[in-house]
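Working from the sequences, and respecting the hints, build out all of it.
Sequence order for the protein chains is E and S. Going by the working numbering, the first residue of the first sequence is number 1, and it counts up by one from there. Going by the working numbering, the first residue of the second sequence is number 1001, and it counts up by one from there.
Don't take each hint at face value.
[Stated by the list, open to error] Derived lysine-lysine pairs resembling BS3-like cross-links, with alpha carbons at most 30 Å apart:
| id | chain 1 | residue 1 | chain 2 | residue 2 |
| --- | --- | --- | --- | --- |
| 1 | E | K12 | S | K1431 |
| 2 | S | K1009 | E | K43 |
| 3 | E | K324 | S | K1431 |
| 4 | S | K1006 | E | K375 |
| 5 | S | K1271 | E | K43 |
| 6 | S | K1359 | E | K267 |
| 7 | E | K375 | S | K1445 |
| 8 | S | K1006 | E | K379 |
| 9 | S | K1188 | E | K382 |
| 10 | E | K43 | S | K1350 |
Hints listed in this document are in silico derivations from the structure and should not be mistaken for laboratory results. Bear in mind that the values here come from a model prediction, so they are computed numbers and not experimental data.
One-letter residues, chain by chain:
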Amino acid sequence: MEFLKNFFEKTKPYVQKGAKYHWLHSVHDGFFTFLYVPKTTAKTGAHIHDYIDLKRAMSIVVLALVPALLFGMYNVGYQHFIAIGELANTGFWDIFLYGLIKVLPVVIVSYGVGLGLEFVFAQIRGHEINEGFLVSGMLIPLIMPVETPLWMVAVATAFAVIFGKEVFGGTGMNIWNPALVARAFLFFAYPAQMSGNSVWVALDEGDRVIDGFTGATPMADLAAGTVDYSVVDAFFGFIPGSIGETSFVAIMLGALVLIVTGIGNWKIILSTFAGGLLMGLILNLFAVNTYMSTPFWHHMLLGGFAFGAVFMATDPVSAAQTGKGKWIYGLLIGILAILIRVINPAFPEGMMLAILLMNTFAPLIDHYVVQGHIKRRMKRAKISA
Amino acid sequence: MSEVIKLRKGLDIKLKGSAEKVLESLPAPAMVAIKPTDFPGLTPKMLIKQGQEVKAGDALFYDKYHPEVLFTAPIGGKLVSVNRGERRRILEVVIEAGPQAESLEFKKANPGKLSAEEVKDQLLKSGLWPFIRRRPYGIIASPQEQPKAIFVSTFDTSPLAPDYNFVIEGQLGTFQTGIDALAKLSGKNVYLGVSEKSVFTNINNADIVRFSGPHPAGNVGVQIHHVSPINKGEVVWTVNPQDVLIIGRLFETGKIDLTKVYALTGSEVEKPKYLQTLLGAPVSTVTDRRIKQTDYKQRIISGNVLTGKRIKAQEYIGFYDAQITVIPEGDEYEMLGWADPGINKFSSTKAFMSKLFPKKEYVISANLHGGDRAFVLTDQYRRVVPMDIMPVILLKAILANDIDKMEQLGLYEVIEEDFALCEYVCASKTKVQDILRTGINTMIKELG
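Encoded structure:
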């Protein structure tokens, strides 16, 4: 593999400032640093540095998303074959393959469009390629309904990268979670295509849906006043929903990876669940309709709650940054998500809006936490004086 | 002997190459140098000319803003060169040892029997005053100010640091004399930070405070924070343990004797051990023939790997340092390094397999292991700062040049060494120590 390194080293002068191929510098740098950790050494300050870098951190999040992705692929096939009444006659690999064929293009479009734009922006701004999109590019497909047209995925991804991130200055500067910006964009720009009962299950032309199959998500049913799911299915994820959000088990596997490696913040995950359970309990007390009387812990298994709590709320850039702030931030996400879900008739799912809302308020939460910290320090000064 | 202050936050970086407890005395160096660049914010004014003969203790230069603070010759001989850098800034003042080591005579007296003024005067004239530094800012103490306390940390928790129990054990009497002198200066407010197993617990005339925990528990700034935190308008002085010894020697013998023990450490050293030589000796006298012969580049550091200065073998050891560390430079590409399971990669995070082997020691080079990025992971710094200070928020206040916030968030309490671990753990490779010094310089400029 020496020749690769030699190739990149030899071509480096051609992409430097003023050279003929300078317009390719960020592409060159992106691929080079992907293949080889740079040889840069410490010039000032500490002489040694931790082996952790953003590439490592981001690839661990992607790894944590793999169970949800694989299960999502399987479930796409599973729901499809239920819909056409062929589940009993189809083998495991056929089910998975069907899902793979449906999901893979969404992933490719998301990464293709997003990374393409990242390269362009890195080029224009003259900085290195940011790794942030490695995660966003995987999150976006996982929170899309499987029947989202590919062009919509492309438009949403472009919107998220440009208006969700690059206008603020790139990874690390954004206010909202870019993947959720993509989802919210589609939700509000193309409501007809993004909700209802027909988008959650993949169907091909000429497929005949068996009698009684609606394709509705359990939450849409609940909002309409019917209960049509089993807890076991919801736990393992055999329910209609966005590609990666249905399986509680797969998401918890991801959570385990994030928490054990310390890349995801356990405080946020825990407090989000706590907030959700708390709000569910309160609603149970006043249960006046089907949705409100749903046992509070079912909410954790349904819709995007678990996925949002584990993979979206924990995005360190858009979350609260202070320790106490993280507890408050998570708790409010949980409370708001269930509140929006159950009380607001227009949105049977509240996780997306809850997280975006708290992303917006995270700096405010931090502000008050920091003010409290300063006040405590001032008090100390008075005591000793 | 009261309770132990237990610190949980922090990180011990397990490097290969800690010094074996063996002491070798080196022959007196032919040259020594005092480097004005070791003192942040100092503007030196030369007092003698090149070629002039000096005795040990003769003043070489002084501080433009505190003319009474003198810097003196560590040995008798001749001033051979004043090496200057950009804009004629003085980098090194080099003394060549003379045939007979002559030295100035200072007062030989028990500091307990002297007045505070006499002790101060003796330290200023002999050139030992610069060993006393002040917080805020970590600069040389001003002789005009009255500190609320003087702190000495008798143990160093930084990577591969020298063990002062070993270095000072046989000279506790002299150490006591030094502490007595400091007690005079501070009106008996001397605090001694000690580790759990310490030979310093019987020192008198000082409050002994025990600390336990990972690095930076041995940092004097962390100890001050937990015993007598610095609020606006307050000043605390700090002295390194071997420098207390040098001060003690001055009062016991009436001569300055800057003999110091240096730990030669790091994975690139053949046999890491302790070496005794003179402060300001050339690095080569310590490192020559003791570093591994390799076909890759090495980096010599005066000090430890977190806060030390990179230095060449023909340069001179730093004024406050008690350690020389040699590590691989690491200026090599690593293929797909970010995807490596990482059995041999020590990390503060749990994202590497090395976490499974908690006792292992590692070779770590000066490679950054990644590119500069915007700040992303928010919980890293807090885990390594055992103080009631929010490192990220404070650093952001410095970047925003918000002086009020810097003050409120605790800039008076920290210097580079206290945040050095933040720089080590940062996944975005942020230059934390540079940012902090920028903030401190702003404060000095704006508030004096």
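Hint check results:
Our distance criterion of 30 Å between C-alpha atoms is met by K12(E) and K1431(S), whose separation comes to about 26 Å. The straight-line distance between the Cα atoms of K1009(S) and K43(E) is roughly 27 Å, inside the 30 Å bound, and the hint therefore holds. Taking the CA atoms of K324(E) and K1431(S), the gap is about 26 Å. The hint holds against a cut of 30 Å. For the hint pairing K1006(S) with K375(E), the CA-to-CA distance comes to about 25 Å; that is within 30 Å, so the pair holds.
At most 30 Å may separate the alpha-carbon atoms for a hinted pair to count; K1271(S) and K43(E) meet this at roughly 27 Å. A distance of roughly 28 Å separates the Cα atoms of K1359(S) and K267(E); the hinted pair therefore holds under the 30 Å criterion. At most 30 Å may separate the alpha-carbon atoms for a hinted pair to count; K375(E) and K1445(S) meet this at roughly 26 Å. The hinted pair formed by K1006(S) and K379(E) meets the criterion: a straight-line CA distance of about 23 Å does not exceed 30 Å.
Restraint check for K1188(S) and K382(E): the C-alpha separation of about 23 Å stays at or below 30 Å, so the hint holds. This hinted pair checks out: K43(E) and K1350(S) have alpha carbons roughly 26 Å apart, not beyond 30 Å.
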